[in-house]
Amino acid sequence: MTDTPYRGLGWAHGALTVQRLGAMLAPVTFLLADGRQVSPMQVAPWAGEAGTEDLPGILRKLRGEWPCVPFGYSVPPDGFAPDWAAAIRPADPGEEAHGHSSNTDWQWQSAGDGALKLALDYPESSPIARVERTVTPDPDAPAIDCEFRVEVREDCRLPIGLHPVFRLPLAVGGARLEPGRFDHGLTYPSTVEPAAPLFAIDARFDDLEKVPGRFGTVVDASRLPLSTEAEELLQLNGIDGTAALANEAEGYRVRLTWQKEHFPSLLLWYSNAGRKMAPWNGRHIAIGIEPICSPFGLGPPTAQADNPISLSGTPTALAFKAGEPFVTRYRIAAEPL
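Just so you know, we're using the UniProt record's numbering here: the sequence shown kicks off at 1 and counts up by one.
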């Protein structure tokens, strides 16, 4: 059964599912210490609907958490702040949104009891040769440990990211974002979704509760869901490798920890019913809490070139060496509030 689209694991503190497409992790149910069951990962509401088979791979069954290499996708420079417009580079031939790994069926691999492992060989034209992903529930806690391994054919520099997407409660402001210590935050240097702008363009901030708004306002970006429809991005640079989402409406916290030396920034994707086109149809409400080494996911050529974030001292691409596999580890855990 090496081609089964899903595999699952159950343990004393929960149950999880991984799908071959994108190696995406979800749904996940954690059994908390107080006996309650919580499911923190988002599953896109269109998964399984008629017509989804024609969508790009990453969107077809969008859900939960998955690794991306290379991270991001290229966009034209129109509408960007001047410093950014000068830095943006065109896409490489054959570019796929968030990398080949996000759009393709992986292959199941042998793993020890209590773990799931997948691998994917990249096209020969890519500097990336192979990626592997291992998902292991913690037998003693409501937590999941993940390992991501990258092998390259040649020395290269690439943006890389993790893409956890978390479900939000129905009540406006019913959850609170709790990022770890960070040096500074940046708003997106253009408009993410013209129909639903919220934050000022290319602004700096130091407090997630006081983010400059598009129309001269100050926005508390820590309280979710937002009170207004929006599709936005914020990037926190120099972050300490921790972030959490406290779902106060449902009484639990989900915590993400990662290796900050690999992912020096955190991208926050506010998907607050702001996208009206299919398959989104104004019904996707979630928060992406994404450890990255990238400039807002603006595509590999821009990440590899000088750009305002890399020039400020925060790396936007990692160095990979042929013959030296890159391995990073991270953890998703839940606890009662």
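Please keep in mind that the hints were generated in silico from the structure rather than gathered at the bench. Every value quoted in this text rests on a predicted model; they were computed, and no experiment measured them. Hints may contain errors.
What the hints assert, rightly or not - Distance condition first, Cα-Cα at most 20 Å in a straight line; then the derived DMTMM-like pairs of lysine to aspartate or glutamate:
{"id": "1", "residue 1": "321", "residue 2": "183"}
{"id": "2", "residue 1": "321", "residue 2": "229"}
{"id": "3", "residue 1": "260", "residue 2": "183"}
{"id": "4", "residue 1": "321", "residue 2": "147"}
Practice task
Compare the structure with the hints numbered earlier in the document and write down the numbers of the violated ones, lowest to highest.
Solution key: Structure breaks hints 1 and 2.
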